[in-house]
Amino acid sequence: MVAHSDRRPADLAEPAGRAEPAGLADLADLLAGPVLPAARGLLGCRLTAGGVTVRITEVEAYAGTAGDPASHAHRGRTPRNAVMFGPAGHAYVYFTYGMHWCVNVVTGPAGEAAAVLLRAGEVVDGLAVARARRPAVRRDVDLARGPARLCAALGIDRSAYGTHLLGDGPVRLRPGDAPVSADAVAAGPRVGVTGAHDVPWRFWIAGDPTVSAYRRHVPRTRR
DNA sequence: TCCACGATACTG
DNA sequence: AGTATCGTGGAC
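The working numbering numbers the first residue of the first sequence as 12 and each following residue consecutively.
Any given hint could be a false lead.
Pair ranges (Cβ atoms, derived) [claimed, not checked]:
(1) SER192 x SER170: 34 to 40 Å
(2) SER192 x GLY62: 28 to 34 Å
(3) MET110 x GLY62: 21 to 27 Å
These are calculated hints, taken from the structure and not from any lab test.
Source: prediction; values computed, not measured.
Cβ coordinates follow ideal geometry from the N, Cα and C atoms, glycine included.
Produce the complete structure using the sequences and hints provided.
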């Protein structure tokens, strides 16, 4: 397997041994920087909304306009992706497949439109609320195991679009209690992505049971 | 493993 | 108008 891409812009190259965010200011700095370190640094952070808190266990990086065909911002600014073109630390929430909401954290400088999709988390607070939002789930590890499931468990929908996640709004992102060491992070191809399937921009906490199952993208066949 | 579900965004 | 989509749950 090829572990790099000629399409990867030089400014996305990962710095080695970056420290984990210790406080809110450090997290803000991390999000304002290149998307790949930001994605890894989001692992272990806490996302709180609707009375539920998850510890983020799986993310995917999207490079925005910088040559990433899988990014919603790849073809430029539209009403849907407008918040991606703003400053880092805001929520890009989108609706897909006719029924699901997914949430991204905008990263990098304004105009770059990079973002990190939050794909899965472990419910660490508000368990009863999360169970009530997802009554069909049998195992607690499945409550937020998948990007749309995560939003469902936290009650995130269109109303969260553009939220400043590091402020005191209805959706809050905070550093985790314990940093996630680089050794504990695994990387692989992004899920459900048609183009650029060769770049390992999906990151997860290795061995964590709340990480979603990998599915190769299969174009839907017309009936 | 496969398919229905289903709304929206973007393209032509 | 047509087509693709950063997915999930349930049926095989």
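Verification of the supplied hints:
1. SER192 x SER170: 34 to 40 Å: With Cβ atoms ~36 Å apart, the hint holds.
2. SER192 x GLY62: 28 to 34 Å: holds, 30 Å
3. MET110 x GLY62: 21 to 27 Å: About 22 Å separates the Cβ atoms of MET110 and GLY62, which means 21 to 27 Å holds.
When the structure is compared with the earlier hints, no violation turns up for any of them.
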